[in-house]
Structure formats: structure tokens, C-alpha cells
Amino acid sequence: MDRVWTGLRYLHDNLHRVPALVIPCIEGRTDGQSAARQAGHWGSVLPAAWSFMLAARLHGLGTVWTTGTMAVEREVAQLLDIPYDDVMQAALIPVAHTLGTDFRSAHRVPVESVLHWDGW
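Residues are numbered in this note's numbering as their position in the sequence shown, beginning at 1, plus a constant of 10.
Hints listed in this document are in silico derivations from the structure and should not be mistaken for laboratory results. Glycine is no exception: its CB is placed at the ideal position from the N, C-alpha and C atoms. Among the hints, a few may not be true.
What the hints assert, rightly or not - Restraint-style ranges between C-beta atoms, simulated for each label pair: (1) Thr111 - Gly42: 39 to 49 Å; (2) Thr16 - Trp127: 31 to 41 Å; (3) Met80 - Gly17: 10 to 20 Å; (4) Pro93 - Gly42: 10 to 20 Å; (5) Leu68 - Asp95: 31 to 41 Å; (6) Met80 - Val105: 14 to 24 Å; (7) Leu90 - His22: 16 to 26 Å; (8) Glu85 - Ala30: 12 to 22 Å; (9) Trp127 - His22: 30 to 40 Å.
Based on the provided sequences and hints, a complete structural model is requested.
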């Protein structure tokens, strides 16, 4: 978890240097809706953003899904003229050329510890 916090701090300190910031948005707000109602909205934006991030990687660009600006979503909406009452920001995706190409898989816990089959 230390690597995550180190990376998060680095991003925070260098966000102003990122050449492109993409904010995927959802038309309509899900504030106060049930999880079932929200799922349809999020089920649309997440695959689209993920595809965008994969396509960026294919072209030598690095991305990361962040949600740090969600705490100040209204202020970001005002700054960028996003109609807050009608449009919900889903994330903030910084996009930039990577510093290197030596990528490796992140540490993952064994799938058996998080996957439940035919019951919990």
C-alpha cells in the first residue's frame, strides 16, 4: 500500500505538469438513487473510460483512473463550465507520455482470496 500512497502523492504534486486531463462524465446525476439505478449509469461510463485508457496505452500514453477531484466536483464543474445539476463527473484521468517502458504487473492477491464461486 505504500507504493499506492507514494504514487498518489507524486500525482498530487505533479498534476499541474500533466499535458491532458480527461474527465469522463455521466449525463444525469445519481445522487440519492438506489445502487440498482446507479449501476446503469456507471455501467456505461466505466467500460468507455477503460477502453480509452487501453487505447491511450497502445499509443504510448500512460493514464490512471483517479477520483480525487470528486470531493470538489461542484467547484471543478464551475471551473470547467460543466452543468453540475445535469452532469456528473465520473473520474479524472491524467494522460501523458510515460517516463519509461519497463512496465510490470502490479502485485495481486491470489484470486482464490477474492473470488467466490457458487456462494460466498
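| message | I'd like to know which numbered hints this structure contradicts. Please list them from smallest to largest. | response | Going through the list in order, the structure violates no hint and respects every one.
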